[in-house]
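Using the hints, position chain Y against chain C.
2 protein chains.
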Amino acid sequence: MKLSGGVEWALHCCVVLTTAGVPVPSARLAALHDVSPSYLAKQMQALSRAGLVHSVQGKTGGYVLTERAEDITLLDVVQAVDGASPAFVCTEIRRRGPLGTPPEQCTRQCPIARAMGAADEAWRASLAAVTIADLVASVEGDSGPEALPRIGAWLNEGPGGRP
Amino acid sequence: MKLSGGVEWALHCCVVLTTAGVPVPSARLAALHDVSPSYLAKQMQALSRAGLVHSVQGKTGGYVLTERAEDITLLDVVQAVDGASPAFVCTEIRRRGPLGTPPEQCTRQCPIARAMGAADEAWRASLAAVTIADLVASVEGDSGPEALPRIGAWLNEGPGGRP
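Same order as they appear, the protein sequences are chains C and Y. Each residue of the first sequence is one higher than the last, beginning at 36 in this note's numbering. Each residue of the second sequence is one higher than the last, beginning at 36 in this note's numbering.
Bound-form chain C, shown alone (with noise of 0.2 angstroms):
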């Protein structure tokens, strides 16, 4: 079971667009994490379709976090890049073959898939548990309160707002 790789990019920008002053392209954002500018735009156009960010059109365009980081968790970045379905898929195969189970008799899910939705809620809590404020405080606790800002000063840097 593999998350795909887009979340930790999508997480990261995330972040760093909480200390951006203005709209930030997809392009400067691979290039303050030497990530490839394709690939990490479309981790920022997922994001932009589930409505966490939006995209500022015009010269000194970019993107801009929709909502504040209190109100953006973790599952929400992770559900807008890596999809909402549920990790375990129940086939119903207990009511397959010569011993299956009669339909009118599953009226509830299955036992199996029960636990592994458990266990799936159980991520999915501790996801929505955390949000990118709280990621912004963990990077200030490990780096220092001057991490952040210069990481947005670079990312304003040169006309309109970049290079």
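FYI, nobody ran anything at the bench for these hints, they're computed from the structure. A hint or two may mislead.
Since the list gives no way to pick out one identical chain from another, each pair is judged satisfied if it fits inside one copy or across any two copies.
Stated by the list, open to error - Cross-link-like lysine to any residue pairs, in silico, SDA-like; alpha carbons within 25 angstroms at most:
no.	residue 1	residue 2
1	37	84
2	77	54
3	37	149
4	77	157
5	37	114
6	94	133
Frame of chain C, contents of chain Y only:
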């Protein structure tokens, strides 16, 4: 993020193996569930590599659970089939680019990796809290106390324990 489809098959096999009185060949388990014998054989081999089942050789051979159903958790089965790697892989992009965090400041895991790791732990804890015996009890609750013995009798049928 998706788990291998083999997880569902392996869990069903563990549940029905609790009710079999004799070793059960992989092909018999595939026939019970009406699924691909070759793909099911792969899942049984994965369970065997993880030590959850062992293979009895010979004419009346087949698979038996190695441990009591109370001692096999869903996490054991999921990890046997799908691997134990965490869903989120941190590639340390915080260290990259013009403002990358210097290695000496990266004494703790990246905050993003910590939060994603906590969610992974929550998922694993949920799976570790449920055993095959719990699933057996749920099946009995849903389908009555005769459902699994009926399957056990079918698995044991025929000469040498099967037809």
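My question is about residue 77 and residue 157: at a cut-off of 25 angstroms on alpha-carbon distance, are they close within one copy, between copies, both, or neither? neither (28 angstroms within a copy, 29 angstroms between copies)
At most 25 angstroms between alpha carbons: which applies to residue 37 and residue 149, within, between, both or neither? both (21 angstroms within a copy, 16 angstroms between copies)
State whether the alpha carbon distance between residue 94 and residue 133 is at most 25 angstroms within one copy, between copies, both, or neither. between (67 angstroms within a copy, 24 angstroms between copies)
Intra- versus inter-subunit Cα pairing at 25 angstroms for residue 37 with residue 114: Result: close both inside a copy and across copies, 13 angstroms intra and 13 angstroms inter.
Can you give me the call for residue 37 and residue 84, within, between, both or neither, at a CA distance of at most 25 angstroms? both (22 angstroms within a copy, 22 angstroms between copies)
With identical chains, the pair residue 77 and residue 54 could be close in the same copy or across copies; at 25 angstroms between alpha carbons, which is it: within, between, both, or neither? within (22 angstroms within a copy, 50 angstroms between copies)
Figure legend: structure checked against the earlier numbered hints; the only hint not met is number 4.
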